[in-house]
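Chemist: Put the two chains together into one complex; each comes in its own frame, and the hints tell you how they fit.
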Amino acid sequence: MRVNLTVNGERRRADDVWEGESLLYVLRERLGLPGSKNACEQGECGSCTVYLDDVPACACLVAAGQAEGREVRTVEGLADGDALDPVQQSFVDAGAVQCGFCTPGLVVAAHDLLRREPDPSDEEIREALAGNLCRCTGYEKILDAVHSAAGAR
Amino acid sequence: MTRSIERVAAVGTAPERVDGRAKVAGKAPYAYEHPVERPAYAHPIQATIAAGRVRGIDTARALAVDGVHTVLTPDNAPPLRRGQDAELEILQAPDVAFRGQIIGCVVADTPEAARHAADLVAVDYERRDHDVTLASDRPDLYRPGEVSHEADTEDGDVDAALAGAAARVEAEYRTARNHNNPLEPHTTVAVWDADGLTLYDSTQGVHSLRSAVAEVFDLDESRIRVLAPYVGGGFGSKGTAHAHVVLAALAAKRMSGRPVKLALTRQQTFTLAGYRTPTVQRVALGADTDGRIDALAVDVVEQTSRVKAFAEQTALPSRTMYAAPHRRTTHRMAALDVPVTSWMRAPGVCPGMFGPEVAMDELAERCGLDPIELRLRNEPDRDPETGKPYSTRNLAECLRGGARRFGWDARPAAPRQTRQGEWWIGTGVASSTYPVHHAPGSAARIERRADGRYHVGVGAVDIGTGAWTVLGQIAADALGVDREDVVVTVGDTALPFASVAGGSSGTTNWGSAIVAAAHGFRARFGDDDPPAGSEHTESAPENPDTERFAMHAFGAQFAEVHVSADTGEIRVPRLLGVFAAGRIVNPRLARSQFLGGMTMGLSMALHEEGVMDERLGMVVNHDLAEYHVATNADVPSVEAEWIDEHDPHVNPMGTKGIGEIGIVGTAAAVANAAYHATGVRVRELPVTADRFLTA
Ligand code: FES
Ligand code: FES
Numbered sequence: 001m002r003v004n005l006t007v008n009g010e011r012r013r014a015d016d017v018w019e020g021e022s023l024l025y026v027l028r029e030r031l032g033l034p035g036s037k038n039a040c041e042q043g044e045c046g047s048c049t050v051y052l053d054d055v056p057a058c059a060c061l062v063a064a065g066q067a068e069g070r071e072v073r074t075v076e077g078l079a080d081g082d083a084l085d086p087v088q089q090s091f092v093d094a095g096a097v098q099c100g101f102c103t104p105g106l107v108v109a110a111h112d113l114l115r116r117e118p119d120p121s122d123e124e125i126r127e128a129l130a131g132n133l134c135r136c137t138g139y140e141k142i143l144d145a146v147h148s149a150a151g152a153r
Numbered sequence: 001m002t003r004s005i006e007r008v009a010a011v012g013t014a015p016e017r018v019d020g021r022a023k024v025a026g027k028a029p030y031a032y033e034h035p036v037e038r039p040a041y042a043h044p045i046q047a048t049i050a051a052g053r054v055r056g057i058d059t060a061r062a063l064a065v066d067g068v069h070t071v072l073t074p075d076n077a078p079p080l081r082r083g084q085d086a087e088l089e090i091l092q093a094p095d096v097a098f099r100g101q102i103i104g105c106v107v108a109d110t111p112e113a114a115r116h117a118a119d120l121v122a123v124d125y126e127r128r129d130h131d132v133t134l135a136s137d138r139p140d141l142y143r144p145g146e147v148s149h150e151a152d153t154e155d156g157d158v159d160a161a162l163a164g165a166a167a168r169v170e171a172e173y174r175t176a177r178n179h180n181n182p183l184e185p186h187t188t189v190a191v192w193d194a195d196g197l198t199l200y201d202s203t204q205g206v207h208s209l210r211s212a213v214a215e216v217f218d219l220d221e222s223r224i225r226v227l228a229p230y231v232g233g234g235f236g237s238k239g240t241a242h243a244h245v246v247l248a249a250l251a252a253k254r255m256s257g258r259p260v261k262l263a264l265t266r267q268q269t270f271t272l273a274g275y276r277t278p279t280v281q282r283v284a285l286g287a288d289t290d291g292r293i294d295a296l297a298v299d300v301v302e303q304t305s306r307v308k309a310f311a312e313q314t315a316l317p318s319r320t321m322y323a324a325p326h327r328r329t330t331h332r333m334a335a336l337d338v339p340v341t342s343w344m345r346a347p348g349v350c351p352g353m354f355g356p357e358v359a360m361d362e363l364a365e366r367c368g369l370d371p372i373e374l375r376l377r378n379e380p381d382r383d384p385e386t387g388k389p390y391s392t393r394n395l396a397e398c399l400r401g402g403a404r405r406f407g408w409d410a411r412p413a414a415p416r417q418t419r420q421g422e423w424w425i426g427t428g429v430a431s432s433t434y435p436v437h438h439a440p441g442s443a444a445r446i447e448r449r450a451d452g453r454y455h456v457g458v459g460a461v462d463i464g465t466g467a468w469t470v471l472g473q474i475a476a477d478a479l480g481v482d483r484e485d486v487v488v489t490v491g492d493t494a495l496p497f498a499s500v501a502g503g504s505s506g507t508t509n510w511g512s513a514i515v516a517a518a519h520g521f522r523a524r525f526g527d528d529d530p531p532a533g534s535e536h537t538e539s540a541p542e543n544p545d546t547e548r549f550a551m552h553a554f555g556a557q558f559a560e561v562h563v564s565a566d567t568g569e570i571r572v573p574r575l576l577g578v579f580a581a582g583r584i585v586n587p588r589l590a591r592s593q594f595l596g597g598m599t600m601g602l603s604m605a606l607h608e609e610g611v612m613d614e615r616l617g618m619v620v621n622h623d624l625a626e627y628h629v630a631t632n633a634d635v636p637s638v639e640a641e642w643i644d645e646h647d648p649h650v651n652p653m654g655t656k657g658i659g660e661i662g663i664v665g666t667a668a669a670v671a672n673a674a675y676h677a678t679g680v681r682v683r684e685l686p687v688t689a690d691r692f693l694t695a
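Quick note, the sequences are listed as chains G and S, same order.
With the first letter of the first sequence counted as 1, position 73 gets the number 73 in the UniProt record's numbering; the numbers rise by one all the way through.
With the first letter of the second sequence counted as 1, position 688 gets the number 688 in the UniProt record's numbering; the numbers rise by one all the way through.
The shape of chain S in the complex, shown without the other chains (with noise of 0.2 Å):
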């Protein structure tokens, strides 16, 4: 077992966040807005084809714009080290590998020259067929194989326990290419000096950042510093280094010495700073007549770019959900001419649970079951992929509480039953996991300052967590002191180094961390008092009950769904989640992650959706005017919950993450209550009106 914080004091209160006062005022730097002297501006010249090569680019008329510096392309652009991340190796060859990739960039003196000198360069193509249709039948699927999981699993024999199921639901369900979105657009401000390189950017971490610019630029990393003390949501995009980071930097080296700074625009983060694929998930569940589960398989096609392979994990969660003797997972990819697909908000979990969790809607009415009891039938003793207990598993408190406060039992059980006026209504649920990840390596720094605080210092970066206020909670009382004696500093690699802020995983990772230097501290220099000047830094050390347990989070997505008889009209007047996941460290700051994650559920569920216009080989609606995301007119009421969880193998803190539950499963709800208001089952997302007015 790990060594827990002895008290709790701090953790568990609600204290207004840090930052918040700065960012009310206006008075935040976010990464674009670091004063540097007489900036230049970057824009990048984008590709116009979605396959071949550039013959040659004509830079005369760009050179010619007042103010404009130099035009960057792959004839003229600085080597990189290659074969690493080819995403990052931009301009060092003349392929195009998706529309939008990066071929070029014009430095200026102003961001309106820059962007109007790039429309002004002119781009010979050879062009190749493009190919970005996704299909679950092309010929060329393949397993992926360099991914963080297997691939496939298989126990017992599938096909046999369907054939003889009792119950049985086959069917293919599907989620569209969604895009993060964070409302701060991408952007880095490089500066290069005699020391090496200065990076401003938008990330989610600054250390991993760092490594990744430092191994294309063949750089020690010593010689290179990423800040990010301000960042504007990344919800995964801002989670590993895409190219515009690459692109600022090369820029900046090449005007030697003055700084330049990239914005990405709206619609370039559409096709620069990753998305989630869209994904084809063939489910097939087979039960007795009490709606046990007998087989269970989850077979996904899904795209990933020709430039870098990256596979969603998207069949993960069906691994751990429910038991069931017979199981197969697999995973099938189709590399396309797109760009590269990359992690968003619950990576393969959050698509995941959405044709599983309807599938389990099917299942309970074909077994005349309440959805609720089937997946109380279905609750494993154990892990079903790894056969090791849970360390804590509350999924069925979380569907029983969630029930009661969501009124469920008035529900009646038949689907079109409930009409006032127009409207159909109707209520669903679904369930919600994330496991609790780790990654090792973070350290924390506590040094006693002559101000008699206590000065917490980690990599870390707050991308509007709250990670910058639960780290001083939790320091407070890993030293056994109040909150107003801590301060806390993150975002920066002249800090000890720490993970990205992802996975759900930034206060398990940080926070051990800091528990580590706080028990180092104190056996070092006491309980009281101790000097200005005493300093302490130690790593989080492993936590060996990761290898005994199986660690994840666990909640229950309630919806209540209008649909308009006349017009299709879909309407979620009333939401619920109810979560277990760990120890809440900060419950104000806490529902909001749960409320914005369901939120984004619901975004998902009902609006969001790349098109991919196959003969341009782009997404047209690539901007917030036709990718709707939800706006505050589109949800009236979201209610989050938890239920007071106490794990005490996850980490000292007994927190499990909870930036990314609160979005994983909230679409099958939804669609679980359309079909509940209508009769109508719809498997693809986003439930739009059009799916209704065939009925």
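Just chain G, with the same shape it has in the complex (with noise of 0.2 Å):
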């Protein structure tokens, strides 16, 4: 089948998509965007969060043909050109990147808190991000970034 969507702000169409693909796959392996994670596929992980239509969701639990006309915005689609977004450059500020792999999505979930709660309690933080699971950092340099994020914007 064809899939039509808006990804970042861009009209783009996928052809040849086998009906059970993930719009994970289709971001990842046909158009180009592996920003977002595959960590379990199974929406255990959060590593790959985007929005869809505005709403995050794990991009792996969608099917391909459920994105037909929708919006997505994936990590790439956060950065201003070079200028990063103040949750990304937070992230980095803070020390809550190591190997990355979590990162993306937890970029995606922390930008989507901060949009629906611009000051959150460490507390506010942990439940939003509970679903992003991330091996390296222990979690205490990512609610820094949070944080730091939310005075920034």
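Note that these hints are calculated values from the structure, not bench results.
Please read all numbers here as calculations on a predicted model, not as lab measurements.
Cβ atoms here follow ideal geometry from the backbone N, Cα and C, with glycine treated the same way.
Hints may be right or wrong, so weigh each one.
Not the full set, but computed from the structure, chain S residues with beta-carbon under 8 Å of chain G [claimed, not checked]: (1) Arg21; (2) Tyr30; (3) Glu184.
Rough simulated footprint, nothing fancy, chain G against chain S, three-plus residues with beta-carbon under 8 Å [claimed, not checked]: (4) 218 to 232; (5) 354 to 363; (6) 454 to 467; (7) 593 to 602.
Simulated restraints, written as ranges between beta carbons of each label pair [as the list claims (entries may be wrong)]: (8) G:Arg2 to S:Arg61: 23 to 31 Å; (9) G:Gly43 to S:His149: 39 to 47 Å; (10) S:Arg453 to G:Arg2: 42 to 50 Å; (11) G:Ser121 to S:Arg128: 37 to 45 Å; (12) S:Glu641 to G:Ser121: 21 to 29 Å.
Modeler: As structure tokens, this is what we get:
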């Protein structure tokens, strides 16, 4: 099948998509956007988090066909050219990035949290990001990064 | 003594990681993401029995699937050189040694087609009864021979000393089967062309992976190139080559020229990427009335696969932790029909500091001593194992400093004293340690280029540790230039040889090579402004001090634990680790390493257990939904500190390695705190709610 969608503001088309394919696969393998990661492909780790019509979703759980006609924003679409989004910059500054594999999903999830709650408490951050696993950092610095991004916005 | 870097300017500062921007922008290419022309996709076929052999494989239905090119099986796979590493010698024989073992592979135009077709392959097995049960009374336990350290050690007369001890602890402790679970699953992209084989791989060591692949394909190393600029964590599971790498290369060979991509699913990583063996640790401590340990014994039982022997060095840390005239350590293994055990963060040391450090807590209580005081009384002046002096040993400072910071003194001595509402509250401590490993042979190349900068190349791998960044800091100081004038390249066998990113030894080995190369560069080209094109490559020299001194990092781990009196639920609101790990090159990155290690230790303490279904011979909770790792909401406050330790002997930088020590001792501190909270002694990991409900 053919899937038409808007990705990071651009109209995109994917051909010969198999019905069982995930949005994550379409993004990574067909549209050249490997920023969203595949770490479990069954909704457990959050590393594939993208905005789907402005709502964060695990792209590995979204069937490609469900994205037809919709708007997707991935981690690649957060920065403005070379200028990182404040959330991205805070992750670098706080030392919240190590191997970086969880990072794209976390950045999108944190970005979403700050849109809904500009000044979240520790508990709100931990709860909001509890679906994004990180095996490297121990989460402390991620918390710091979200707080400092909140301050920078 | 080693020749140190003369000037410390960039080292000790906290620049952001050089790979940070690319990673937050989603632009850092991990192995699977290297663009290749028209890739085909491989999906492994795995054995669904735990022991026996494949009698026949029917691939007809798989081959009929649209887009499927080929199905590799033991009947048609290209030959490999055998006799070196049986884990890697796949598809060469019909035998099945564990459930999940690779017995074939589908190659197709899309990963979905490959996966679907793999399900359609019908396998006829000849089954044998499998045996996957580890027990300390198995009659077939054997003493491992071919390991890096002696399996057994003995000094004095432990049994007599134990019999005469005024205070004694003798108990059995168990750690669970743990799975590394780096966030990036293991992936390989394999490309054959006229020159040979190129692998984009999620590996901790490009050169070590190349050697392993060269061996099994009987190829000259010069015909293989391995690239790994970005790796999504490893924790040991990417430290040695695993079978899927060979499978990808075999598949690509069969596809004559077309690149093949292979990504293990999360589930597959539970059987194909190594894991930490469960351990049974019989610990005996005997002390006099003042708490001075007279006898210490640690007898370990653990498992290995039948395919390949791997001996977890679980008793290792007990050989160096505390003074005791009578000492014994042993390792015994059971060879089972299970997947290959391998490295996981702080192999040996991490599980091996659980039993003994809980036993220390028990001994403290028996002697009527504070657990910190007990440890201080048993500080050795020299390494008890080798008799050598320590290059530096600052465990006492870590314990004392940590106690102050944690507010340890306010704690009641007896357990089960503090209750707030439904919660019993307690605190616990444990020591931590990790050896300073040296691996020979790493080299670095330094080149002044027309851009005016010094380009430093070393075949190291940054798996998230921050190596990329700290190597630049070290190079800047060794060359006597600003950090901005240095460009580091890593992750490619086209660069000078580098040891694997493991054993917390990366900075030691690669940093030493960079310092040597910088000194050589300056000796050849002078101190000021060498012309573009000036280039020098040098290896790290041997460090004679490694023969004269025992070299270890130390630390102290503190935990506060709350246990619900009603449900047994256990929460850990506070962890503090204080470490003495030599010079800290980059505090910003180092803190994340310590905190990440401690959090993985917390995860080991409370959650992580691969549950073996003995009837099926498989780990049933083989995904992140059921194999729990600590999430953000599990980790309220984790703090890591370090003392300013100067060690002139370890290497020119004075660093000891920090990637692993953070996970060591955490689980014991948590279990000790849980005892202090409730009076229930848990000697088996993970520490789960049910353990408190029988009390
Ligand atoms: S890859 Fe989608 S949640 Fe893990
Ligand atoms: S930085 Fe490695 S998993 Fe989060």
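Chemist: Confirm or reject each hint.
Modeler: These are the hints, each one checked on the structure:
1. Arg21: 6 Å, holds
2. Tyr30: 7 Å, holds
3. Glu184: Hint holds; Glu184 (chain S) Cβ to chain G Cβ min 4 Å, cut 8 Å.
4. 218 to 232: With 3 residues in contact (Cβ-Cβ under 8 Å with chain G), the coverage given for the stretch 218 to 232 of chain S holds.
5. 354 to 363: Coverage by chain G is violated for the stretch 354 to 363 of chain S (0 residues, Cβ < 8 Å).
6. 454 to 467: holds (count 4)
7. 593 to 602: holds (count 7)
8. G:Arg2 to S:Arg61: 23 to 31 Å: 29 Å, holds
9. G:Gly43 to S:His149: 39 to 47 Å: 43 Å, holds
10. S:Arg453 to G:Arg2: 42 to 50 Å: 48 Å, holds
11. G:Ser121 to S:Arg128: 37 to 45 Å: 58 Å, violated
12. S:Glu641 to G:Ser121: 21 to 29 Å: 25 Å, holds
Violated hints, in rising order: 5, 11; the structure is consistent with all others.
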